[in-house]
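Participant: Sequence:
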Amino acid sequence: MKYSTAALCLVSATLSLAAPTTTSTKVSARQEHTYAGFAVPSIIKNHDIPSNLNTQDVQTATVRNGGAETSTLYDIPIPESAGGKTCALIIRAARIGAGDNVLGTQEMDIFKNGFTDLAALPSGNLRDAQLARVQFDPVTGFYGFDKVGFANPTIESFPCPAGKTLHWESVAVGEFDVNVIRQDFAVDGANAPNGLSVGWW
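Numbers 276 to 476, taken from the numbering used here, label the letters of the sequence shown in order.
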């Protein structure tokens, strides 16, 4: 699986030279907040859909390209300090051409999943209910909520589940969709980390 993930990244990097960049009007304006903190994944695994195997990684690699398809699984622990606050999903791809690569439909569906310990999950994804659809905005470098593709995203704003771990999955949308995003595992003050995070205010 390490080889296939690396191959997907190489293929997507090559395709970036020829693939057109599209901008969508169906994404809701990203709400700006003064965030008090961010939670980042404690572990990421890429789920190879044809083989059903999971491989730990340091990036989102949510891709559908011909016969190749991967989704990305996350464990995101929310600290006790977020208690009583409002949380929101944030996905940032601020390093296009320098580690991040977003092509094709540039969208991801976000699901909650039934696993309880991603580190102990060698295969399968236990996908449950859809939470949102997001689409990349090349102007801001953030993914916004696509309320045409999924009308009521429950993770645009929700009570922070302080002291609990969120178990999520990002899934490709359409026939050709590449979302390769290097994950920051450390938080730099009030700046949203690269990759997937949960911010609160």
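Rather than coming from a laboratory, the hints here were simulated on the basis of the structure.
We put the CB at the ideal spot given by N, CA and C, even for glycine.
Please note: incorrect hints may appear among the correct ones.
Dumping the calculated PhoX-like pairs for lysine-lysine here, alpha-carbon to alpha-carbon at most 25 Å [unchecked claim]:
(1) K360 / K439
(2) K360 / K422
(3) K360 / K387
(4) K387 / K439
(5) K387 / K422
Distance windows between CB atoms, simulated [unchecked claim]:
(6) L328 / K360: 34 to 44 Å
(7) S356 / L328: 16 to 26 Å
(8) G359 / E450: 12 to 22 Å
Participant: Confirm or reject each hint.
Facilitator: Now for the hints, and whether the structure bears them out:
Our distance criterion of 25 Å between C-alpha atoms is met by K360 and K439, whose separation comes to about 14 Å. Note on K360 and K422: the hinted pairing holds, with a Cα-Cα distance of about 24 Å set against a maximum of 25 Å. As the CA atoms of K360 and K387 are separated by approximately 20 Å, the hinted pair is consistent with the 25 Å bound. A threshold of 25 Å between alpha carbons decides the hint, and for K387 with K439 the separation of about 14 Å falls inside it, so the pair holds.
At roughly 18 Å between alpha-carbon atoms, K387 and K422 fall within 25 Å of each other, so this suggested pair holds. A C-beta distance of roughly 37 Å is found between L328 and K360, which places it inside the suggested range of 34 to 44 Å. The hinted range of 16 to 26 Å is not satisfied by S356 and L328, whose Cβ atoms lie roughly 36 Å apart. In this structure the supplied range 12 to 22 Å is violated for G359 paired with E450, their Cβ-Cβ distance being about 43 Å.
When held up to the earlier numbered hints, the structure conflicts with 7 and 8 and fits the remainder.
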